[in-house]
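S.K.: The lines below spell out each chain.
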Amino acid sequence: MEGITLLTLFVLAVFVGFEVVSKVSTTLHTPLMSGANAIHGVILVGAIIATGQASSTAALVLGVVATVLATVNMVGGFVVTDRMLEMFKGRGARGGANGRKAS
Amino acid sequence: MAWLSAPWTALFYLVAAVCFIIALKGLSAPNTARRGNLIGAAGAVLAVLVTFFSFDLDHLGWIVGAIVVGSALGVPTARRVAMTQMPQLVALFNGVGGAAAALVAGLELTGTVPLLERGKVVGTIPKLAAHSGSGGWFAYGSVPHGIPATADTYIAAGAGAFTVLVGAISFSGSMVTFAKLQELMTTRPVTFPGGQYLFGGGLLAGVALGVAVVVDARDSIVSPWLLAALALVALVVGVLFVLPVGGADVPIVISLLNAFTGLTVAASGYVLDNTLLLVAGTLVGASGTILTRLMAAAMGRSLTSTLFGAFRQSSSAGAVGSGEDRPVRSGSAQDVAIMLGYARKVIIVPGYGLAVAQAQHTIRELAELLEARGIEVLYGIHPVAGRMPGHMNVLLAEANVPYEVLREMDQVNPEFASTDVALVVGANDVVNPAAKSTPGAPIYGMPILEVGDAQQVVFLKRSMRPGFAGIENELLYDPKTMLLFGDAKDSLTKVVAGIKAL
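Just so you know, the protein sequences line up as chains A and B, in that order. Residue numbering for the first sequence follows the working numbering, beginning at -2 and increasing consecutively. Residue numbering for the second sequence follows the working numbering, beginning at 28 and increasing consecutively.
Worth double-checking, as some hints may not be accurate.
Straight-line alpha carbon distances no greater than 30 angstroms define the calculated DSBU-like cross-link-like pairs of lysine-lysine that follow [what the hints assert, rightly or not]:
{"hint": "1", "chain 1": "B", "residue 1": "K372", "chain 2": "B", "residue 2": "K463"}
{"hint": "2", "chain 1": "B", "residue 1": "K521", "chain 2": "B", "residue 2": "K507"}
{"hint": "3", "chain 1": "B", "residue 1": "K527", "chain 2": "B", "residue 2": "K372"}
{"hint": "4", "chain 1": "B", "residue 1": "K463", "chain 2": "A", "residue 2": "K20"}
{"hint": "5", "chain 1": "B", "residue 1": "K372", "chain 2": "B", "residue 2": "K521"}
{"hint": "6", "chain 1": "B", "residue 1": "K52", "chain 2": "A", "residue 2": "K20"}
No lab work stands behind these hints, which were simulated from the structure alone.
Make the full structure from the sequences, and use the hints.
M.R.: Following this line, the structure appears as structure tokens:
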């Protein structure tokens, strides 16, 4: 793809990235950081391509290492973010079990 | 095997990119956050599957094996980690992501197929060197040189050099933050004479090597030794970058390194000519930058003072308290129970110590008990309560405290004046008036919870040891302050029993 097309994509993505998180409350800073962290685990795609095209043993070894690391980043990131968010429930969602009285 | 043609691959990558945007958007509000994260995960799975079907890949067994191993490492870690250790885990995951990006870019630059010819969707890859089988290190040297470089080749080489440089910085920096948060090393700023010159020199050397990589790309292949040198210098720079950052500022650095890794992934997308990596990486880079600024603002710090503050003020600040024995007013659990039981309004200020003692459930029990007596109970949550912004909200959510009673700092500060008792559990730095009164203290300028405005203040503390930032808290010696020493959970359990007996 032409350099200028990639540059266009890059600039537009910067603005989208700024826009989507500009109004997040501090309550969600930790899960948001963790979730964004998981998204850059998509480097796994690059690791797969690099490994799949390796033509020497050293390249294969490094590619496999990259794939393992990227998978840890991506899979671990999404799982731990989900674990955190599972716990974020409002009063309405938790049912009567905890019996908080409205004051 | 390549099943998908280029337009289909691009289309599916676009769907995955949209998933990531929806995920980030969803993560910005509590009621959509979980769904957002799941959409992001679905996008990632789609992207990986599409990749397998779009490129002519060798070593499939190795690749699948590596993914299985990575999942086997990542999933149990993510499932088992204590919520208190979340900042370390994010740092760790971020670091390995940075390392992966650096490795990918390195492999692309040194591969046997010239730059900009690799990573292209199936059918367009002319394998020039075609497995020469020389078995050389990276097979470098076995490649026909002299393929003329175009402007795009140099740009791709530059993007690759950027990825290796910043990815390696992100990796080693994240590992140091991990060690700091895990308390494998001191949490204080580590400075040494000439440290900033070493850092500056290292960074310059890194940039110079990056330029050398671009120049070396004139025959479309880059020397692996040059890249190895670049990575090595970058690793050292990453360590020097994070060492002088101390205590409460560490989470901001994690967020910044997270943005760095995002940008490296974007740059590697440039090298691989892969739009998904470019878009996803850029999204994380941009949103991570905003998030870092929001966090720094919440702490009343500029980003530069966070990162380079320790260089300037050296290690003299922080020696505010001189260890003299001054009288404090300590009380029993019974005293605290009476004080709370007959109050009209109580604000609980939870800190990291609460989570370490695993006392979140006990504090909820206490709050419910007080509410049952008709007492108004609020939680005052400092933006950086815990070990990173928003961390305390996660910890309290784990204990089923509904997020509606959690008040952010700006909302809760005016409330303290009309409050009978401010109950500070395992927090220190976030209520330390030194942030307002002592220029030169590491936390100076950070907005604090004004617990001193309350009629009475109760600190539940393990000892007189200062907090994470390592500075003495004058409020502890204030006449209206009462201290209850001991493990937060034991103390709270006794207070709960005391209130029940009233």
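S.K.: So, for every hint listed, does it hold in this structure?
M.R.: Here is how each hint holds up against the structure:
As the CA atoms of B:K372 and B:K463 are separated by approximately 26 angstroms, the hinted pair is consistent with the 30 angstroms bound. Restraint check: the Cα-Cα separation between B:K521 and B:K507 comes to about 22 angstroms, which is no more than 30 angstroms; the hinted pair holds. With a C-alpha separation of about 18 angstroms, the suggested pairing of B:K527 with B:K372 holds against the 30 angstroms cut-off. Distance check on the hinted pair: B:K463 and A:K20 sit about 27 angstroms apart at the alpha-carbon level, within 30 angstroms; holds.
The hinted pair formed by B:K372 and B:K521 meets the criterion: a straight-line CA distance of about 20 angstroms does not exceed 30 angstroms. Restraint check for B:K52 and A:K20: the C-alpha separation of about 10 angstroms stays at or below 30 angstroms, so the hint holds.
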